[in-house]
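Please assemble the complex out of the two chains, which come individually in their own frames, going by the hints.
Note that the protein sequences, when read in sequence, are chains H and G.
In case it helps, this note's numbering puts the first sequence at residues 1 to 430.
In case it helps, this note's numbering puts the second sequence at residues 1 to 421.
Think of the hints as simulated: they come from the structure by calculation, not from any bench.
Glycine included, C-beta positions come from ideal geometry on N, C-alpha and C.
Check each hint, because a few of them may be wrong.
[To be verified] Derived CB-CB ranges, DEER-like:
#1 GLU19(H) <-> VAL202(G): 14 to 20 Å
#2 TYR116(G) <-> ARG256(H): 49 to 55 Å
#3 GLY186(G) <-> VAL429(H): 43 to 49 Å
#4 ALA241(H) <-> ALA283(G): 30 to 36 Å
#5 ASP389(H) <-> VAL188(G): 37 to 43 Å
#6 GLU300(H) <-> GLU199(G): 50 to 56 Å
#7 ARG256(H) <-> SER272(G): 30 to 36 Å
#8 VAL242(H) <-> SER270(G): 47 to 53 Å
#9 PRO335(H) <-> VAL202(G): 50 to 56 Å
[Stated by the list, open to error] Derived, one-sided and incomplete: chain H residues facing chain G with beta-carbon distance under 7 Å:
#10 ILE5
#11 VAL7
#12 LEU8
#13 LEU18
#14 PRO31
#15 LEU34
#16 PHE37
#17 LEU41
#18 LEU42
#19 ASP45
#20 VAL260
#21 VAL311
#22 PRO312
[To be verified] Here are the simulated lysine to any residue pairs, SDA-like style, with alpha carbons at most 25 Å apart:
#23 LYS89(H) <-> GLU285(G)
#24 LYS255(H) <-> PHE235(G)
#25 LYS89(H) <-> LEU234(G)
#26 LYS255(H) <-> THR284(G)
#27 LYS89(H) <-> THR284(G)
#28 LYS255(H) <-> ALA146(G)
#29 LYS89(H) <-> ALA146(G)
#30 LYS89(H) <-> PRO287(G)
#31 LYS89(H) <-> ALA275(H)
#32 LYS89(H) <-> LEU276(H)
#33 LYS89(H) <-> GLY14(H)
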Amino acid sequence: MIRRIVVLALLVGGALLLEPLRVPTEGVIAPRSLFLFGILLLTADTFGAVAHDVGLPRLIGYLVAGLALGPSLSGIVPAGVLEDLSMMKRLAVGLIGLLAGAELRLSDLRARYRAVLAILVVQGGAVLLTLWALALVSSDWLPFLQGLAGATLVFVALLFAALLTVNSPMVTLALLEETRADGPVARTILGVVLVADVAVILLFTAAFSLAQASLGGQTAGAPEILGHLLREVMGSILAGAVVGGVLTLYLRFVKREMVVFAVVVVFATAGAAQALGFELLLALLVAGFLVENVAPVRAEPLVETLHRMAVPVFVVFFAMAGAELRIQEFAATWPLVVVVAVVRAGAIFVGTRTGSRLAGAEPEVQRYGWMGLVSQAGAAFGLATVVADRLPGIGLAMQTTTVGVISLNTLVGSILFRRGLDRAGEIVVR
Amino acid sequence: MQTTLAALAVVAVGYILAYVLFDRLRDRFGYVGGAEYVVIGFLLGPRVTGLLGAEQVQDLTPLVSLALGWLGMSLGTYFRLPTLALLPASHLQIAFAEASATFGAALAALLAIFRYLAGYAWSDAAVPAVTLAAIATLCSPGAVDAFADRARSRDGILPVLQLTARIDALVGVVAFGLVLAIFHQGEVSPQVRTPTATEWAVINTAVGVASGILFHLFLGPVARLDEAEGNSRLFVALAGAIVVASGASYYLNLSPIFTTLVLGFILANSGSSHRDVSRLLQATERPVYLALLLFAGAAWSPGTVDLLFIAPVFVIVRLAARLFGGRVAGGEVAQEPIRTPGLGRGLLSQGGIAVAIALNYTQVRPDLNPRLVLTATLLSVLLFEVVASREAAEFLAALGNRTNGGEAQTGERLTPVEQGR
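This is chain G alone, in the form it adopts within the complex (with noise of 0.2 Å):
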């Protein structure tokens, strides 16, 4: 215990620290990315000074799957139906076009890396295979609008790279969700029957409704309350209802950002409090988000062959996967004014999501080589944060869109995402 609490400090003052040295960059530069976070984290870790030892880092698991849940329902709490009704319907296509070809195009590329380089059983390839796919699908949400943040207009393109990119999100968690539900692992009690695929993906699911409704039913009537009792309730309401789903999901051995997706999806779609859970939920997103990094570099423990070979293939086969999804949605399914072959060049950040999923399968799946995914998935936070905002500022640039450097006016013509937080 006293070795974990101290562990705690020791990721806490390497977080305070990133963000005292990097903050200038992001307010200067508009950089958003988080690799530092990894750097430090894995400059703590076990690897290199030993601060954080393994055994901590492996006691902190539950707070990690604390903390994907909260990205998760961050995520979930996006997709309100009213305000996606006012988006052209156009906009979803290009979108859920870009997820799926780049997803499909990652999927295909590494199942037969893992079946026909690596030599795995078609079963055990599945399940890195999506896993990594689900990664390689992830685009950073929040680089996208610190793009759309800095461009001066918010017409043209700009809406479809942050719907895209929320969409892309939606996809890889979705993916990740169902593959741990369908290859599920962990033995059950004796006295009640193994669940099916399809049982272990409805109690997933069931899991986040379920602490919706919870949610809700919880925190009642909000509106006779004062501010600061409002405030409160909602903080223990958020909090406990993302403990129990995080903790339902950790517990049955299946993804915690999943099930708290599905909740962020009902509190957005239910109730009157869904301006003030995101409020809350943005409010604490980047802590949470950045201890992340934090742990996820702390765990990591690269092995020679995967840092040399495997982890820069899963490299070029997001980037190519990426281009590939990009030119599908954005040259064949886009019409003119918005179509832009190139659209995958606006969406090469990696973001939070994907590490969290990274560190989501090395909790639930020790078996199938973890390291793998997370060197993979980390090597390429590190390279793509590096290139990605100069690669979407050319692209923006060459769309006429971006200007140089300059705020968007407070108010100025929100786009339906972001009426909708």
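Chain H extracted, bound-state conformation (with noise of 0.2 Å):
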């Protein structure tokens, strides 16, 4: 413990002096920033580290160390520098994302998809709907519901209500990485979630298009709402098969390299994701999928390889989250924020018992399984972002509520998550 506060002191202190020997300059990735980050990045792992030594996820010491360095608590690392390394984030959002997609089997998918599939449709409905009744009953509590009515109440409240039924794959895949859990609660929580992470975007959209027309924005009459999903959905899906030949064409032919190839084709589909306007983390989850499932090559070196890479991403992607979350808003609206975050954990724990009984998944499943669905982070972090930029007026005010909501459940969850692998008996590696 005294040599990682020795650490502590040497990153934190480090910073502190060398901060006043140059005048910052500005840039897409400004001197400053490159520095920052390799603190960063030590920080981050010592606390990971720590929070390991005392029986919690990696993850929270990561997310910890982000949020004590970031803008919102000693202001080390800057919003302007968190902007600049917002490629680093982009980057490893990619490699998690071909990660997930070459760890999700056809075989094992095939052999629950019952369980998956129940517990989807189930746990997501439950959320979805208890959170929505609990806006329409409690609106005049929720900032943004306040002094609307009729269309306009509904619609707003099931946005509010569909973004906090996205899950978090980032905090699913960051656990099973670490503790190399292997067993039924593993495999169906891994497919329930990235599964949902295509269903929730569908749903987000067509909550989001609804909130919008009602609040008299942009019209966006059916044609259009379905249109967008199109493009969303579908681009991602075509733009991850692309990806997906690509890759297979280079483990067939070249097969050298691959930590190299592996950010390449991260770079290059962020680029197409931006200026096309699909998901980098569907089309990236597609194109994994597909190179192990479908592809007729081996995939190993790939997986290997991004196996390999997992930590030092998972540490940045996590030091990063932790840097962006917002402990002000969280001070500020923390009995709102707890109420709706227990409702939330206790609609999925009813729906995922359920579900998972319908289909008949085994018993670790039906107990531990909602502990792993609690978690949310990157995901929704950037659709709140999304509804704060472009409902002006209440997207602000929503936006400040849910992501006082996702802080919470991103620590919780993963805690929960850890502990319920732990009780299922299917943790690897302590």
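Following this line, the structure appears as structure tokens:
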């Protein structure tokens, strides 16, 4: 512990000591950002080790380190630096997407598709309906619903519920990678979370279009909503298929320098995703899935490479996610945030137990499966930002509340999932 | 951001194309150069196709700094003192004599050119002259190792060549690091006094030392970790230390190569993980080096005068200084049976650290003719990569050390430098 305290003192002290020796300059990645990125990386890993020592998931440590160094608390890593480093985060998201797709095996999905679908539908439906009802009932206390009525109230409340239905493939994968857990709970939850990633985008996009139309913004009729959904989801799947094809050709004919190639694929797909408006994570998830399950090549070299890169990638992702957590917003709205988070967790518990019982899933899945579905992270934060940016007025207020809930779910959800895996006896590495 | 991502993708695609096309040459003929990556980078860059625009090349500067740091660290890990202590003192004398004579001769010639032909003030002439002299001194350790690998015997002059290539790199990087510290440029915050030249040099070294200490403290006892976890921790620790050291140097307008050379030296000489560090760095060195060549090619925008006059003059100066250094060390310092006045012919390849220094110079001193330094370096890389392998092969054949391309047996009498990796 003393060693880790010395490391942290050196990192933070070094950052503070060197800061005045140069007047900060601007750039896409300013000189200061690269230096602070190193500080963030090492600090997060040190916090991760401390979290592990006290029996918590490492990613809690990464998040706390990001929070401690980020703009919310110490401000050593300011918002501008995080903006500079968004390229690193995108790389992390892309690599995790590829890994997630490659981890999703068709044989596993076939074996447990009933459980995955039942949990997805019942649990997702339970969360959506419960939170929708909660929002409508308590509209007078939710700042973004105050003063709304009729269809507008209904659709904005639906958008709020849809935003909180999102799960976190990142947290799930990070915990499975850390614990190397294997068993019914791990496999079922991975399947639910990855399939839900597609379903939730559809749900969110529909709810968003309805809310936007009801607020008198851009008109969004059924054909337009459908077109948007098709572009987002089908575009992602199509892009994933193209990327999967490229990966297959590379694995067949070149099969060298896999690290460089994986990074290239992610950057190229990220560039295309920004230009064409599809989702990076989904596209690379599809690509990884196709290479692992459909392509006539052995995907081991790629999968092994992605596993080797996983730890640093998770450190980067969660440290930056932690730096973006807004503790002030949580502090300002905590009673509301706690109520919403507890109601959501209750709906997940009931929905998952019911869905898994209906599908006849293993007793461990019925008992502990819900614990893997509480966490939220990157995708949910991203969608909350979309709401704030594109729904002037109520968007910012909704973001403030939902970001508080998502922050709480990120921290509590990962602890719950680890505990669930532990109780199910599926953890291989402690 | 979007264009930067696209630029990165273009760079990486270029890298892979070149890798696939030229790897066969490497496998068949022992070609390790990398000049083709400079050409591909140039073709992708703003001067030819414009796939990589000038702005995107500029945007990628921090990543270039990171790559520079990676190469500097890799070089630093070669200097493991217990291994160096196994070397005959005569080899070290030859290596240092060759490096000093080459650097001294190149510096004298370049200072004269900048001062009397180009009309620079002494203070303005010193920075590019020292930088180019450092580049002239550098020889690619990878290229020398490649002919050592293809020679059956490890006796005679080969260990001296391998050591000399590394001492050349050491002298070059240290000279460059010191000149950037002594003639430091960049504003400091109004709350603090501007450090003196000596203080900047100390800061540059201290960042490397502190990063090394940080690495060990951070990594902690790796013995109790399993292999996969140990590797992950090692990678995070190493990447983190390099990012911190390179980032700090880049932030302070100093040389990341020098800082991480110090970091590599610290890691090679402390703790129990030096072999793992060297293994990991070697596994990642080639992609980093080749990506750097691509960046350099893309950033290259040669002026006609530079290309037709000044850069060829630099190539001639380097050739003359190299042969002079070889004659001094191999002919005057070395004794029989390794007395070889033509030592310089075995050390002509230019290598990636030269490109790294030139790129670093363009970042730190954009006011002192960076285009000229980059043009001279890249021209030197292109020309010497063409002739270096053949010259070295003829030099070794003349000494009776070279065989017809046979591979060295694995584990066969490794040189101390190789043992230290």
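Given the hinted pair LYS89(H) and ALA275(H), is their Cα-Cα distance within 25 Å? holds (18 Å)
Taking 25 Å as the top limit, are the C-alpha atoms of LYS89(H) and GLU285(G) close enough? holds (24 Å)
Just to be careful: measuring from the Cβ of LEU42(H) to every Cβ in chain G, is the smallest value less than 7 Å? holds (4 Å)
For the hint on ILE5(H), just tell me whether its beta-carbon gets within less than 7 Å of chain G. violated (10 Å)
LYS89(H) and ALA146(G) were given as a pair; does the straight-line alpha-carbon distance stay at or below 25 Å? violated (38 Å)
Status of the hint placing PRO31(H) at chain G (closest C-beta pair under 7 Å): holds (4 Å)
Measuring from beta carbon to beta carbon, are ALA241(H) and ALA283(G) in 30 to 36 Å? Holds, since ALA241(H) and ALA283(G) (Cβ atoms, about 32 Å apart) stay within the stated range.
For the hint 37 to 43 Å, verify it against the beta carbon of ASP389(H) and that of VAL188(G). holds (38 Å)
With a cut-off of 7 Å, does the beta carbon of VAL260(H) approach a beta carbon of chain G closely enough for the hint to hold? At about 5 Å, which falls below the 7 Å cut-off, the nearest Cβ of chain G leaves the hint on VAL260(H) intact, so it holds.
Take the C-alpha atoms of LYS89(H) and LEU276(H), compute the straight-line distance between them, and say whether it is at most 25 Å. holds (19 Å)
Hinted pair, alpha-carbon criterion (25 Å max): LYS255(H), ALA146(G). Please report holds or violated. Roughly 23 Å separates the two Cα atoms, so the pair holds.
With 7 Å as the cut and Cβ atoms as the points, is PRO312(H) at the interface with chain G? At 5 Å from the nearest chain G Cβ, PRO312(H) passes the 7 Å test, so the hint holds.
Hint compliance for this structure: hints 10, 12, 29 are broken, all remaining hints hold.
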